[in-house]
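Asker: Chains E and V, in that order, give the protein sequences.
Here the numbering used here is used: position 80 in the first sequence is 297, and no number is missing along the way.
Here the numbering used here is used: position 171 in the second sequence is 388, and no number is missing along the way.
Keep in mind that the hints were calculated from the coordinates and are not lab data.
Among the hints, a few may not be true.
Note: identical chains are not told apart, hence a pair may lie in one copy or across any two.
[To be verified] Below, computed lysine-lysine pairings styled on PhoX-like, alpha-carbon distance capped at 20 Å:
#1 K289 to K415
#2 K289 to K323
#3 K439 to K523
#4 K439 to K250
Number of protein chains: 2
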Amino acid sequence: MYYNSGVDRKLIEILRILSEHNKPVGARLIAKKLEERGYKLDERTVRYHLRILDERGLTRNLGYDGRMITDKGLEEIKNALVTERIGFIITKIESLIFKMNFDVEKGRGKIVANLATIDKEHFKKAFQVMKKVILAGYAVSPYIKVFDEGETFENYVVPKGKVMVATMCSITLDGILHHAGIPVSPRFGGVIQVLNGKPIRFTDLISYSGSTLDPLEVFSAKGLSSVLNVVETGNGYILANFREIPMDALTKAKERLRKAEEIGIKGTIMIGEPNTPVLGVPVRIDKAGIALMGGINPLTAVSEAKIPIETRAIECLIDFEEMVNISRVGNFTKASF
Amino acid sequence: MYYNSGVDRKLIEILRILSEHNKPVGARLIAKKLEERGYKLDERTVRYHLRILDERGLTRNLGYDGRMITDKGLEEIKNALVTERIGFIITKIESLIFKMNFDVEKGRGKIVANLATIDKEHFKKAFQVMKKVILAGYAVSPYIKVFDEGETFENYVVPKGKVMVATMCSITLDGILHHAGIPVSPRFGGVIQVLNGKPIRFTDLISYSGSTLDPLEVFSAKGLSSVLNVVETGNGYILANFREIPMDALTKAKERLRKAEEIGIKGTIMIGEPNTPVLGVPVRIDKAGIALMGGINPLTAVSEAKIPIETRAIECLIDFEEMVNISRVGNFTKASF
Numbered sequence: 218m219y220y221n222s223g224v225d226r227k228l229i230e231i232l233r234i235l236s237e238h239n240k241p242v243g244a245r246l247i248a249k250k251l252e253e254r255g256y257k258l259d260e261r262t263v264r265y266h267l268r269i270l271d272e273r274g275l276t277r278n279l280g281y282d283g284r285m286i287t288d289k290g291l292e293e294i295k296n297a298l299v300t301e302r303i304g305f306i307i308t309k310i311e312s313l314i315f316k317m318n319f320d321v322e323k324g325r326g327k328i329v330a331n332l333a334t335i336d337k338e339h340f341k342k343a344f345q346v347m348k349k350v351i352l353a354g355y356a357v358s359p360y361i362k363v364f365d366e367g368e369t370f371e372n373y374v375v376p377k378g379k380v381m382v383a384t385m386c387s388i389t390l391d392g393i394l395h396h397a398g399i400p401v402s403p404r405f406g407g408v409i410q411v412l413n414g415k416p417i418r419f420t421d422l423i424s425y426s427g428s429t430l431d432p433l434e435v436f437s438a439k440g441l442s443s444v445l446n447v448v449e450t451g452n453g454y455i456l457a458n459f460r461e462i463p464m465d466a467l468t469k470a471k472e473r474l475r476k477a478e479e480i481g482i483k484g485t486i487m488i489g490e491p492n493t494p495v496l497g498v499p500v501r502i503d504k505a506g507i508a509l510m511g512g513i514n515p516l517t518a519v520s521e522a523k524i525p526i527e528t529r530a531i532e533c534l535i536d537f538e539e540m541v542n543i544s545r546v547g548n549f550t551k552a553s554f
Numbered sequence: 218m219y220y221n222s223g224v225d226r227k228l229i230e231i232l233r234i235l236s237e238h239n240k241p242v243g244a245r246l247i248a249k250k251l252e253e254r255g256y257k258l259d260e261r262t263v264r265y266h267l268r269i270l271d272e273r274g275l276t277r278n279l280g281y282d283g284r285m286i287t288d289k290g291l292e293e294i295k296n297a298l299v300t301e302r303i304g305f306i307i308t309k310i311e312s313l314i315f316k317m318n319f320d321v322e323k324g325r326g327k328i329v330a331n332l333a334t335i336d337k338e339h340f341k342k343a344f345q346v347m348k349k350v351i352l353a354g355y356a357v358s359p360y361i362k363v364f365d366e367g368e369t370f371e372n373y374v375v376p377k378g379k380v381m382v383a384t385m386c387s388i389t390l391d392g393i394l395h396h397a398g399i400p401v402s403p404r405f406g407g408v409i410q411v412l413n414g415k416p417i418r419f420t421d422l423i424s425y426s427g428s429t430l431d432p433l434e435v436f437s438a439k440g441l442s443s444v445l446n447v448v449e450t451g452n453g454y455i456l457a458n459f460r461e462i463p464m465d466a467l468t469k470a471k472e473r474l475r476k477a478e479e480i481g482i483k484g485t486i487m488i489g490e491p492n493t494p495v496l497g498v499p500v501r502i503d504k505a506g507i508a509l510m511g512g513i514n515p516l517t518a519v520s521e522a523k524i525p526i527e528t529r530a531i532e533c534l535i536d537f538e539e540m541v542n543i544s545r546v547g548n549f550t551k552a553s554f
C-alpha cells in the first residue's frame with residue numbers, strides 16, 4: 218500500500234482515528250475528527266473509504282456500532298508513519314524565503330503570510346480587533362487578505378461558515394534581505410515586553426532551528442502575549458522575532474528595510490549594532506541582530522479578546538497585489554470581500 | 218532602588234501589575250494578580266507595600282479607586298527589568314544535574330523532580346489518574362511525594378486549598394549518567410507516537426538549548442499529548458525526551474540505566490546504536506541517542522482528564538528517601554500524607 222496519493226493519505230488518517238479509540242467508531246464521528254485534522258469529507262465519502270479499508274482487511278465492520286481497526290490495520294499505520302519525516306520550522310522558513318519573489322521597488326510579487334480561520338459570525342468583531350492592533354503599529358504591515366467561505370487558493374478551501382484572513386509574516390522582510398543578497402539567519406521567535414509604548418527586552422525565546430512547532434503559536438497558546446493590553450495601555454507583551462545578518466551587510470540591510478517602510482512594511486522594532494545584544498539577546502561573533510514584529514500580533518489579539526480563532530504562522534505565499542490596506546477598509550461588510 | 222531582597226521583588230511585581238492597567242487598581246485585585254504570579258500576600262500586606270511605593274513617588278493613591286503607576290514608577294520597572302536575564306532551559310537542566318547527588322547504588326540522595334499544584338477538592342480524582350498512568354509504565358519511576366496545604370519545602374509554600382505533587386523528572390537519569398562520568402547532552406523534549414503499546418517515532422521536538430520555555434509544558438499546553446488514550450487503548454501520543462552520549466560510553470550508560478531500573482527507575486524508552494537515529498531523530502557524529510519518558514506524563518494525563526492542574530517541569534530537587542512508591546499507596550486519604 219502506497220501513500221502518495223491524496224486518497225491514500227485520507228485512508229491512513231481514518232485508520233489513525235480508529236486506532237485512537239478502543240471501541241467501534243461510526244462514519245459521522247470519523248468525518249468530524251477528519252475535519253479537525255483538515256480533511257473535508259462528508260459521511261458518505263467516509264463510508265466509501267471505510268468499505269475500501271474493510272476489503273483490505275484493515276478495518277472490521279461491526280454494523281450499526283461502526284468500525285474497529287484490525288491488527289493488520291495497526292501494522293499498516295506503523296509502516297506509513299515511519300517514512301514520515303520530522304521537520305524543524307527553519308526548513309519551512311527557508312523554503313518560503315526561497316519561493317517568495319516580492320520586489321520591494323515595484324511593490325509586486327509573492328510575500329510570506331500567516332493564515333487564520335474565524336467563524337463567520339465572529340468575523341466583524343474580530344476584524345475590529347485586528348484593525349485596532351494594526352493601526353497601532355503592532356504588525357508587519359497594514360496589508361491583509363480576506364477569503365470568504367468556499368473560496369479556494371493554493372491547497373486551501375475556506376470551510377463553510379468560516380472566513381480566512383491572511384496577514385503579512387515578518388519572514389517577508391527576511392526574504393527581502395535574502396533576495397537583496399544579504400545572508401540572513403532567522404534565529405528566534407520571541408516575546409517582547411513593552412513599557413510605556415517602548416519595547417524593553419525579550420522575555421522568552423524559542424529557536425527556529427530547534428523546534429518543530431512555530432514559536433509564536435506556542436507563546437500565544439501558553440498565554441504569554443498581551444497585545445491588546447499593549448495597544449490599550451502601552452504596557453504588556455507582544456510577539457516578535459529575531460534574526461542575525463553579517464555586520465558588513467548592516468548598511469545595505471538598513472537601506473532595504475527603509476525601502477520596505479516606504480511602501481508600508483514597517484515591522485522593524487530594532488536594528489542592533491555589530492556584536493551588540495538587541496533587547497537583551499546577544500548576537501554571534503561579527504553579526505548584527507534585528508528584531509521584528511510578529512505578523513500574527515493582530516490575530517493573537519483576537520484570541521486574547523476571547524474570539525475563537527485558529528492561527529497558523531509562517532504558512533503560505535500570497536500575491537502582494539491581492540492584499541488590501543486595512544486602513545482603507547471601513548467596518549467590514551459583506552461587500553468588502 | 219535595589220531588587221535583591223524578596224520585598225523589593227514584590228514591589229516591582231506590584232508596579233508591573235499596575236503598569237498593565239490604564240485605570241486605578243485596588244489592593245484586592247493586586248493581591249489576586251500577585252497570587253497568579255506565585256506571590257502569596259494578603260490585601261493588608263499589599264496595602265503596606267503600596268504605601269511604600271506612594272512614598273517613593275512610584276505610585277499615586279487615588280483613594281477608593283486604588284492606585285495608578287506614575288512615570289517615575291514606569292522608569293523604575295524599566296531599570297529593574299533590563300538587568301533581568303533571559304535563560305534557556307538547558308542552563309536550568311545543567312544546574313540541577315550539577316546539584317543532584319542521587320546515589321543509584323545506595324538509592325539515596327537528591328533527585329530532580331517535576332512539581333504540580335492541584336485543588337484539594339480535585340486531588341482524589343487526580344491521584345487515581347496519576348496512579349493509572351504510572352502503573353501502566355508511562356512515567357520515569359513510581360516514586361512521588363505529596364505536600365499538603367501549608368507545608369513548606371525549599372522556596373515553596375503550598376497555598377491554602379491546594380496540594381502539591383512531585384514526580385521524578387527524567388533529568389534524574391541524565392544526572393545519574395553525568396555523575397558516573399558520562400558526558401551526557403540533554404537535547405530535546407518531544408512527543409512520541411505510540412501504536413499498539415509500542416513507541417513508533419518522535420512527532421515533535423523542541424531543543425533545550427533553544428527554548429526559554431520547558432518543551433514538555435509547551436506540548437501539553439498545545440494539546441499534543443494523549444497520555445490517557447495511550448494508557449487506555451495503547452495508541453496515542455506521550456511526552457518524552459532525547460539526549461546524546463559519546464558512542465564510547467554506551468556500555469557504561471546501559472549498565473547505569475539497568476542499575477536504575479533495579480530500584481524502579483524505569484524511564485528508558487530506547488537506547489540507540491552509535492550513529493543511528495532513535496525513533497526518527499538523527500544523532501550527531503559518533504554519538505548514541507537515548508529516548509526517555511517525560512516525568513510529567515502522569516501530570517499531563519490529569520490535565521487531559523479535565524482536572525485543573527498547574528505543572529512545572531524540571532523544577533526542583535527532592536530527597537529520594539522522602540518519596541513513596543505510588544503502588545504502595547491505596548486510594549488516597551488524608552492519612553496517607
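Asker: When no copy is specified for K439 and K523, does a C-alpha distance of 20 Å or less occur within a copy, between copies, both, or neither?
Answerer: Both, since 14 Å and 17 Å are each at most 20 Å.
Asker: Go through the copies and call it for K289 and K323: within, between, both or neither, with a Cα cutoff of 20 Å.
Answerer: neither (57 Å within a copy, 46 Å between copies)
Asker: Are the CA atoms of K289 and K415 at most 20 Å apart within a copy, between copies, both, or neither?
Answerer: Classified as between: cross-chain Cα gap 15 Å, same-chain 60 Å, threshold 20 Å.
Asker: Given a CA cutoff of 20 Å, do K439 and K250 count as a within-copy pair, a between-copy pair, both, or neither?
Answerer: Between copies, since 17 Å is at most 20 Å while 24 Å is not.
Violated hint for the displayed structure: number 2, the only one.
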